[in-house]
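Colleague: Below, each chain spelled out in residue letters.
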Amino acid sequence: MRGVRLVDDGHWDLLLFARLHRLAQSSICRVTRDSLLNPGLMWLLRRAYTSVAPKHVQYFQTILPPHAVLSSLPPHNTPSEDLTPFNTDWMQKYRGQASTVLKPKTTQQVSDIVRYCSEHTIPIVPQGGNTGLVGGSIPLRDELVVSLANMNSVRSFDPVSGILVADAGCILQSLTDYVAPYNHIMPIDLGAKGSCHIGGNVATNAGGLRLLRYGSLHGSVLGLEVVLPDGTILDQLTSLRKDNTGYDLKQLFIGAEGTLGIITAVSILTPPSPQASNNVILALPHFDNVLPLYRTVKRQLSEILSAFEFIDRTAYELAVKHGQGRGLSEDEIAGAECFVLVETSGGRREHDEEKLTDLLGDLLEAEKPLINTGVLSQNPAQFSSLWALREGVTEAVSKEGKAYKYDISIPLASFKEVVDTTREHLRSKGLLGEHAVKHVLGYGHVGDGNLHLNVCAAEYTQEIQDALEPFVYELVASYRGSVSAEHGIGSMKTHALHYSKNDTSIAWMKKIKTLFDPKGIMNPGKVLE
Amino acid sequence: MRPTSARLLNILVPVKRAVDYAVKIRVNPQQTGVDLNVKHSMNPFDEIAVEEAVQLRKRLKDAVQSIKVVTIGPPKASETLRTALAMGADSAIHIEIPEADPAPEPLGVARALAKLIEREKVDLVIMGKQAIDDDAGQTGQMLAGLLDWPQATFASKLDVDPEAKSATVLREVDGGSEEIKCRLPLVVTTDLRLNEPHYATLPNIMKAKKKPLEKLTPADLSVDLTPRLETIKVTEPPARIGGGKVANVDELVAKLKEAGFTAA
Ligand SMILES: Cc1cc2nc3c(=O)[nH]c(=O)nc-3n(C[C@H](O)[C@H](O)[C@H](O)COP(=O)(O)OP(=O)(O)OC[C@H]3O[C@@H](n4cnc5c(N)ncnc54)[C@H](O)[C@@H]3O)c2cc1C
Chain A
1 MRGVRLVDDG
11 HWDLLLFARL
21 HRLAQSSICR
31 VTRDSLLNPG
41 LMWLLRRAYT
51 SVAPKHVQYF
61 QTILPPHAVL
71 SSLPPHNTPS
81 EDLTPFNTDW
91 MQKYRGQAST
101 VLKPKTTQQV
111 SDIVRYCSEH
121 TIPIVPQGGN
131 TGLVGGSIPL
141 RDELVVSLAN
151 MNSVRSFDPV
161 SGILVADAGC
171 ILQSLTDYVA
181 PYNHIMPIDL
191 GAKGSCHIGG
201 NVATNAGGLR
211 LLRYGSLHGS
221 VLGLEVVLPD
231 GTILDQLTSL
241 RKDNTGYDLK
251 QLFIGAEGTL
261 GIITAVSILT
271 PPSPQASNNV
281 ILALPHFDNV
291 LPLYRTVKRQ
301 LSEILSAFEF
311 IDRTAYELAV
321 KHGQGRGLSE
331 DEIAGAECFV
341 LVETSGGRRE
351 HDEEKLTDLL
361 GDLLEAEKPL
371 INTGVLSQNP
381 AQFSSLWALR
391 EGVTEAVSKE
401 GKAYKYDISI
411 PLASFKEVVD
421 TTREHLRSKG
431 LLGEHAVKHV
441 LGYGHVGDGN
451 LHLNVCAAEY
461 TQEIQDALEP
471 FVYELVASYR
481 GSVSAEHGIG
491 SMKTHALHYS
501 KNDTSIAWMK
511 KIKTLFDPKG
521 IMNPGKVLE
Chain B
1 MRPTSARLLN
11 ILVPVKRAVD
21 YAVKIRVNPQ
31 QTGVDLNVKH
41 SMNPFDEIAV
51 EEAVQLRKRL
61 KDAVQSIKVV
71 TIGPPKASET
81 LRTALAMGAD
91 SAIHIEIPEA
101 DPAPEPLGVA
111 RALAKLIERE
121 KVDLVIMGKQ
131 AIDDDAGQTG
141 QMLAGLLDWP
151 QATFASKLDV
161 DPEAKSATVL
171 REVDGGSEEI
181 KCRLPLVVTT
191 DLRLNEPHYA
201 TLPNIMKAKK
211 KPLEKLTPAD
221 LSVDLTPRLE
231 TIKVTEPPAR
241 IGGGKVANVD
251 ELVAKLKEAG
261 FTAA
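Chains as they are written, first to last, in the UniProt record's numbering: chain A, 1 to 529; chain B, 1 to 264.
Hints in this document: simulated from the structure, not taken from any laboratory.
Positions of the beta carbon are idealized from the N, C-alpha and C atoms, including for glycine.
Fair warning: there could be bad hints in the mix.
[Claimed, not checked] Derived coverage of chain A by chain B (criterion: at least 3 residues anywhere in the stretch with Cβ under 8 angstroms from a Cβ of chain B; other residues may be distant):
#1 74-87
#2 326-337
#3 369-377
All chains, full assembly: derive it from the sequences and hints.
Modeller: Following this line, the structure appears as structure tokens:
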């Protein structure tokens, strides 16, 4: 370690600085935070952590059955393509080099793995359904991947209170199916429901399509079981709706993206299923009408309004192009600048339908109509197919090209401005066109002030990346918005955290991280730099 | 020159309110039928029939003089008629039966339709090949029989020549399709491939509220809808038993032998 001097220029992660400092003895060259991006210095980091070695795998084999250990290391020699799914994210944007993936089945096994890793300073990436959109579930280097996929049993369900206790690896859709016969639904729903885990949802504090109605996971999660970075099992799996007994520790793990511990079970409040649901897609001549429309819809539908989703014209057309459900006919969408999906959920069909048709009647007959036209689903198949249009946008964008995704919270009125400004910025850089950026589009949860700004490119390139960042983050900051409304920070946005969190907040976040994870083995390089 | 009235087409589309096809069917505890306290919507084959009538008008323009929809069912069945009106039918007739009455059978329905056709001027009946609730698949054929009209069942393509008073119909048959030519008046029953129904748009849903919906009773048509069949018992199909995993071929062969499979 001779020949390196560390300069505390105020940008260092304290932990990392301390660790490197111990390693560095004399002072010949300067190492600042930025120079770490230099791959030549990456070995420093590698020295600080231990890579998984054959002897570690041998230990893991003593605590896990053979099929729960995947490793490209000898003697296991799992073919590397079997590890690819764990090393590649849903967008195929991030790639890791994990040699070893463990799939524990019990909390005790998770605890044993983590304790061992803590003793040997082996970094861990907790992985759920691997649908995260910010690179959080993918190793930055060769961290050990702990997949929760085998922890997939429901522990209990109380049909009276609606409280569900489930292993973290349960797939969201299967939980929805589990509670359906008891006339309950999950308080969360999102396009990735067929693959994402409830543990992953909690770890990312996923928002999704029902947030407007049922609030965030900070409210509906009643308890968690977490394996802390030293292997201790923190059992906060209570099923109490009210529990004011000191600090609410579980809240820290909701949205921590696996940096404070591995969630192994979740206790969550499931609401009763609505007895009647309806939805409608409305075509709007101007974006400016979205806000007045939202106000009118809220006022007239009041308690039965359960979703208000925005899709701009480009997003709509991509969804249709890639077969995500059917919507309006050609002549109906003529002249529409954007679309809104409104969903109602209530207890009595006749009541809801009357309210909805009154609203629609008023909208169509208004002197200056806010909408051009729309379709109202007539049966469950049409209901799903209208939703598919909205939910399918994410998938359609990845079918169309490579997606740069910015999931931002900004004032509602500026949704279109942000999309247009970004498009113009790319145009001014000569990056708009089939060769580079094919589409710039916006969609999202109007009710939550959350816009998904997507840039769909032919390829991921440094040039586009540089044109977009920090441009987009600065744009968001100029509206005092959030650079990550619901997808999280992962590894994608660590450097952008300061656009939405001030220095004091970040400093305290780092203190909390150090307190839970002094060795920094839990999902290193995610959320905090 | 205006076409003479003799060359104008009047289309009748019978529709049925049925348990929605996406609903999971559950037999009631008394085993007398299925749980009807679930989402209902228009029988999908009837939706195709309404769509076909609307598309015929798009193709033949003014030659289609009227598209009338009719349903025989409880008070709530009028919602199904409103949906058909929103899809583009001009007017509707609801032959209403009390909520508590048993569902009419194909023969009763065919008789009621035949009576109605005596009253109304109808050149073409387009109807579903079957309803997905009782799956009887008989009404269209019985109606053609009662009226002594030609029938073109399981249609996957329909061309009508109002001038010649004839229709060319492609029918789905075993292993392919068959093209037939029929004279009007005619009963056509629809197969899945005939068209893909469009969604009712808001302006049309609103307009549908103001379209005429006439209510009749079976007595008005002097038909008796009393069922002639007795349902003895309704049961669920045996539950599927989940599969199991075997570790290797030997175990698989052992399991197969155990289950009574042997090599021929
Ligand atoms: C088609 C599509 C639509 C989406 N729609 C939405 C949306 O509407 N709203 C929204 O908020 N998000 C959305 N997302 C992104 C969303 O964050 C994820 O889909 C989901 O919440 C992540 O769950 P997962 O099990 O796949 O987690 P992963 O992707 O596996 O992991 C995500 C992060 O959580 C950590 N993690 C996972 N499991 C655990 C655990 N048990 N303990 C500790 N840490 C863990 C990982 O380390 C990682 O940092 C969407 C994604 C896709 C692909």
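Colleague: Now tell me if each hint is right for this structure.
Modeller: Consistency of the hints with the structure:
Only residues whose C-beta sits within less than 8 angstroms of a C-beta in chain B count toward coverage, and the segment 74-87 of chain A has 0 of them, not enough to reach three; the restraint is violated. Check result for the segment 326-337 of chain A against chain B: holds, 5 residues qualifying (beta carbon to beta carbon below 8 angstroms, three or more required). Here the segment 369-377 of chain A counts 6 residues with a CB under 8 angstroms from a CB of chain B, which clears the bar of 3, and the coverage holds.
Of the hints listed earlier, the one the structure fails to meet is number 1.
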